[in-house]
Amino acid sequence: MIVKQKQVYCRPALCIGCRICANACAVAHGGTTNPRLGRINVRVNAFQRYEFQELCRHCEDAPCVDACMVGCLEKNEETGVVTNDDRCVGCWMCVMVCPFGGMKRDVLNNMAIKCDQCKDIEGGPVCVQACPTGALVFEEREDSVEEPFFTGPTVA
Amino acid sequence: MNYVIVGNSAAAVGAIESIRKVDKEGSITVVSNEKEHVYSRPLIAHYLAGEVSDDRMSYRPGDFYEKNGVVKRFGVTATGIDTVAKQLNTDAGVIPYDKLLLTTGSKATVPPIKGKDFEGVSAFQTFEQAKAVKSRIAPGVKAVVIGAGLIGMRAAYGLEEAGVKVTIVELLPRILSRVLDEKGSAMVQSILEKGGMKVYTSRKVEEITGENGQVTGVILDGGEKLETTIVIIATGVAPDLEIVKGTMIRTNQGILVNSYFQTNDSDVFAAGDVAETYDIPRDKPMVNANWPNAHEQGRFAGLNMAGNMTAYPGSLGMNSVSFFGIPVVSLGLCDPETEKAEGIEIKEKLVPENDIYQKLVFKQNKLKGAIFIGDLAYCGAIKDLIKEQMLVGIIKDTILEEKYQLYSFLRKKRIEKVEGKNIQWPEHYTSQQKFVKHFDEKSWTEREKDKRAWK
Ligand SMILES: Cc1cc2nc3c(=O)[nH]c(=O)nc-3n(C[C@H](O)[C@H](O)[C@H](O)COP(=O)(O)OP(=O)(O)OC[C@H]3O[C@@H](n4cnc5c(N)ncnc54)[C@H](O)[C@@H]3O)c2cc1C
Ligand code: SF4
Ligand code: SF4
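So the protein sequences, as listed, match chains L and D.
Following our numbering from start to finish, the first sequence increments by one per residue and tops out at 156.
Following our numbering from start to finish, the second sequence increments by one per residue and tops out at 455.
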């Protein structure tokens with residue numbers, strides 16, 4: 001499912017679980033400082049250690065694009081980035097099918113939110129820019145196999 | 001290559017897109033009896049509610065057909081197939097094909113209720129019908145929806161949101177009986193009733209009454225009369241098999257296809273609601289009529305038509321709706337009691353005061369289905385486990401409670417996947433621990449020793 005293209009990855013040993021990435025993302029995309037509205041979420045355990053990164057993997061043949069009945073989810077043919085737009089009606093079909101927890105529910109705006117790799121922002125993904133320890137990297141990896149995992153609801 | 005597609009909806013779009021990925025030259029013709037640009041069928045309920053306007057109904061941008069070089073034959077009904085001469089008969093002449101794809105979808109089955117031909121009574125399947133219903137909405141108007149399946153409930157909820165007083169009449173003892181189990185139905189019904197909708201179960205509409213051709217009300221069994229100016233009949237849908245009647249193409253409930261979406265004529269393909277495909281959790285052929293399946297199947301069918309043979313792993317019944325802000329998801333075989341499945345084990349979590357209900361159905365250490373109401377946590381991961389039919393016996397008891405173990409399980413699966421192929425960090429990362437060490441089994445058991453609440 002995962003394609004070989006530039007992705008945001010976490011280097012577990014460096015992550016301190018501060019969630020500044022999620023905050024930066026929420027600010028950049030939603031104008032709020034609610035980390036639960038960040039498109040990225042690093043799941044941390046009780047020791048504040050990295051467990052999982054919840055983030056869209058911009059799948060090839062993305063299940064979410066199949067599922068979206070509005071047609072607002074789209075995989076850009078050139079960049080390979082899957083994006084959502086404001087036609088979304090919040091039916092949560094995409095949340096139901098995404099194996100990576102990449103789709104989150106923004107219940108206030110009744111819209112599904114997801115990573116767009118900050119395609120319109122200079123300097124690339126803000127999460128990578130904001131990460132104080134440099135745990136996040138934006139790169140193309142040889143081995144891009146990632147385990148699926150899932151997220152709780154994004155209750156704002 | 002000359003591709004002809006009958007129908008113009010989810011499956012057809014999936015096919016067009018994937019044919020064009022493989023074959024940029026061949027001509028594609030789309031034959032549809034609906035005149036509109038491809039629109040989103042499920043969205044007609046949101047249209048009714050006034051959530052989306054006319055111009056936002058289309059499923060693909062306005063230049064979709066031009067960009068993909070598609071010949072449009074809209075407003076044309078296909079009437080039959082001549083599989084020997086390889087041509088499609090339509091009410092506007094014959095269309096020759098090299099590869100034919102049938103995506104005729106499903107059509108509403110309307111029972112012979114007396115008075116169903118009055119104006120204001122309709123099924124709820126097309127944009128046109130939705131427009132007609134919407135034109136009758138005015139302040140103080142009442143509506144009756146017959147049938148509490150998914151389409152009926154969507155229509156009813158759309159009307160409710162538009163400010164119409166809706167009554168739902170269902171023949172069976174519970175609503176959404178095909179996608180939820182008893183507890184789930186009861187919970188959704190209570191959510192609806194809290195929201196002010198009226199739901200009559202185990203009741204039957206005997207007659208629809210009218211005056212001057214216009215509907216005025218319905219009469220229920222027992223003689224009770226409901227006044228109404230809108231009646232929506234949503235008693236069920238069935239694959240639209242009209243086009244293959246009298247041909248050699250084999251059907252059961254739907255058109256029978258192999259895993260390449262070929263019918264028994266290898267140049268005729270079928271996909272979407274009309275096709276009967278292998279259902280993964282139930283392990284038998286079934287018609288799974290939903291949007292994600294239709295698009296995915298169209299995508300696979302298109303690839304196969306263009307000669308890029310790709311086998312389809314199978315379909316999965318899945319659906320997601322929201323009522324009054326509460327999400328409801330049903331996956332696969334979620335009601336084993338009604339389906340009389342054997343050897344089933346069930347895990348569930350029920351918190352009625354918060355409208356939360358989660359249920360997992362296992363059979364022989366594999367997940368077969370699930371219900372999520374109110375809380376969609378892990379629903380995507382569960383869908384994946386069902387679709388891949390992974391062995392999950394080890395986490396049976398903990399998926400719903402201790403999410404942590406689900407994580408470690410999924411992670412272990414991953415280690416197996418990349419086993420023997422340790423992830424090597426690039427040179428400049430060498431100051432860190434090895435990635436693999438982080439997933440070390442021993443450190444995991446140590447961490448599992450003390451219980452932690454997961455947030
Ligand atoms: C109100 C409503 C709400 C729904 N909501 C959801 C939802 O939220 N989630 C979900 O997963 N699914 C939903 N569904 C189901 C979903 O719409 C279908 O699964 C999906 O549309 C199937 O797509 P399809 O391409 O197979 O066929 P269809 O969408 O049924 O399209 C078939 C097309 O073929 C045309 N056609 C048929 N016969 C002929 C012929 N002989 N000649 C020419 N053209 C012909 C028809 O006019 C139609 O346009 C909903 C359905 C309805 C009606
Ligand atoms: S949202 Fe999920 S399914 Fe969609 S592309 Fe991203 S990872 Fe894949
Ligand atoms: S929630 Fe939005 S993006 Fe997701 S499937 Fe529904 S309409 Fe598409």
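It is possible that some hints are incorrect.
[As the list claims (entries may be wrong)] Here are a few chain D residues that face chain L, going by a calculated C-beta distance under 10 Å:
(1) G14
(2) S177
(3) R250
(4) P292
(5) Q389
Don't read these hints as lab results, they were simulated from the structure.
Source: prediction; values computed, not measured.
Where a beta carbon is used, it is the ideal one built from N, C-alpha and C, also for glycine.
So, going through the hints one by one against the coordinates:
Taking 10 Å as the C-beta contact cut-off toward chain L, the hint placing G14 (chain D) at the interface holds, the least distance being around 7 Å. Annotation: S177 (chain D) was flagged as interfacial toward chain L, and the flag is violated, the nearest CB pair being 20 Å apart, outside 10 Å. Taking 10 Å as the C-beta cut-off, the interface hint given for R250 (chain D) is violated, the closest approach to chain L being about 27 Å. Taken as an interface hint, P292 (chain D) checks out: its beta carbon lies about 4 Å from the nearest beta carbon of chain L, inside 10 Å.
A least Cβ separation of about 14 Å between Q389 (chain D) and chain L goes past the 10 Å threshold, and the interface hint is therefore violated.
Checked against the numbered hints above, the structure breaks hints 2, 3 and 5 and satisfies the rest.
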